[in-house]
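**Q** Required output: the full structure, derived from the provided sequences and hints.
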Amino acid sequence: MRQMQSHNLWLVAPAALMVGIFFLYPLCFSLYSAVTLDGGGFTLTHLYKAFDLYSKDMLFTIFIVFVSVSILASLSVTIAALITLSPFRSLVGLLAFLYRLPLFIPFIVTAQMMRTFLAKNGLMNNAFIESGLLTPMETISFLGWGGIIITFVWKQMAFSTLLISGAMAALDDSQIQAARNLGASRFRVLVQIILPQITASIGIAMVLSTVTIMSVLSVPLMIGTGTPTMMTADMAFRVNSYGDYHVANALGLVSYCICGGLAYFYLRQNLKDKGAIS
Amino acid sequence: MIATQKQYYFSGISIYSVRFSFWLQSLFILLLALAMFGPIVNLLIWTVTESWYFPNSLPSQWGVKYWLQVFNPYSDVSGSLLTSLLIAILTVVVCLLVSVPAGYALSKNSMPFRVFWMLLFLIPQAFPNLTVYMNIARLFYDFGLNGTLLGVVLVHSVHGLMFSIWISVAAFSSTDPMLERASRNLGAGPIYTFFHIVLPQAAPGLVASCIFVFLESLDEFTGTFFVGSPNINTLPLLLYTASMEGNYQIASITALILLAPSILFMVIIHKFMKPEMLSKLGK
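Which chain is which? The protein sequence lines are A and B, in order. FYI, my numbering numbers position 204 of the first sequence as 302, with every residue one higher than the one before it. FYI, my numbering numbers position 186 of the second sequence as 303, with every residue one higher than the one before it.
Everything labelled a hint here was simulated from the structure, so no lab data went into it. Mixed in with the good hints there might be a few duds.
Claimed, not checked - Far from chain A, by Cβ distances over 10 Å, these chain B residues were calculated:
(1) Trp179
(2) Lys182
(3) Leu303
What the hints assert, rightly or not - Reference listing, derived: stretches of chain A covered by chain B, where coverage requires no fewer than 3 residues with Cβ under 8 Å from a Cβ of chain B:
(4) 220-227
(5) 314-326
(6) 352-365
For clarity, every value in this text was computed on a predicted model and none was experimentally measured. Glycine included, every Cβ here is placed at the ideal spot set by N, Cα and C.
**A** The following block contains the structure:
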């Protein structure tokens, strides 16, 4: 038996080595490079410099993440709740098809779509003009922070709604039936029966969405308008234009901290709900 | 008489409220449909536009001039398409070679530290990966792997490993261990048993993992941007360059080419991927 187990370790080894060499090593190296000098001594200058040059962009990134994730959470919960609770089954089928549409559309294609759709002369503004809601002079371009948020929400909604409606579908149906039979409205069933049981899934969907928003480069490059921009664009600029890996890695460290902070709050909240921490 | 009137009154209210919520939900779906289809329709219009300037609500000149330009054998697009396909196929091969043994081993509950290994393969999806790509590019530069096909394939494979390993663990877990034991008891060797008994049972799941890895590789932008440029020009990089130069027709046609396999896959998977299934993944 012991011999078989060591066989199994050999089977996993190539995959583990690949992750180790091509992911964990560069990851650790980025952390190391963020806080050391070229000679090898410990320093905080790169972090100071990163904050000095890019603190505005860091706040911008946090703002984008916060707004996108809030909109995502409310939209996804609304759609998932409609799918679970709506009495109109024909509408539900339509909705289930619609929200899954962007699931396999790549980010770069989404960015290109939005770059033309949200522009001053894009189809969206043109549709408003044709319907008489706006005059050609009143239109504004949404390229910038608004466009970045719209793009992330448009693309990420499929994934987060899939996770949340999956969690809702896995709930015991008899609880909902019981609550309905006792006279609870559908809204009350959602707030008091369904939501308390799926906070973990909502949390996971939001943490994963945050990680995605923090790693996509094409959207801020193609939808953003220069300054302020997202940290991902700053890192690429720092590396491609100056070859300055230290400051870029310091920015990377900050972006890990933002993701880590969110994951921490989520875990803490989760443990609090279970009564582990008072 | 009064009682029936009261009844009418109440049923009237409930019919009105049901109707109201029906129209409210229909309105929500209509708005959602506009938001979902708007950008897609816009992309489609751009692919058949020859010129589209400011006050015009729709293109002033329609045509397929840019399609001919794109499918010209000497255009950048056909070259990039071939590069992208080659990279995606090689990535699938690498992922398959590495994840079939790993998935088989991890499907056994006797595997020591099983949870640890599963989490290890989740890590590339759980961190913002831009910083990692940037440092891989620096590392590859020392080994002369920057701007080579091999370098890009390696980066895509690490990114795809999570899908291929997690899906193949699920595929191997669903095989029947009794058949494997029966084969061994009848005198077949472990390797013969694996290829003739276990692998065929896991094949559908492995195909699904290949499709995922293929699509991920085809659509990958950030890693190729750092590791592949300027020598390796995949479709996403070409789309980006064309779009930044303001060449929206070429960018939109490239986007449509990238979209085709994704849509095809969604139609196929729509039949058997249910949210209920997703909630069981990894349990």
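**Q** All hints are to be evaluated individually against the structure, with a verdict given for each.
**A** Cross-check of the supplied hints:
Listed as a non-interface residue, Trp179 of chain B keeps its Cβ farther than 10 Å from every Cβ of chain A; the least gap is roughly 15 Å. Against chain A, the non-interface label of Lys182 of chain B holds: every CB pair exceeds 10 Å, the least being about 18 Å. No Cβ of chain A comes within 10 Å of the Cβ of Leu303 of chain B; the nearest lies about 19 Å off, and the non-interface call holds. Counting residues of the segment 220-227 of chain A whose CB lies closer than 8 Å to any CB of chain B gives 6, so the stated coverage by that chain holds, three being the minimum.
Remark: the segment 314-326 of chain A is confirmed as covered by chain B, as 5 of its residues place a Cβ nearer than 8 Å to a Cβ of that chain, reaching the required three. Here the segment 352-365 of chain A counts 3 residues with a CB under 8 Å from a CB of chain B, which clears the bar of 3, and the coverage holds.
The structure is consistent with each of the numbered hints, conforming to all of them.
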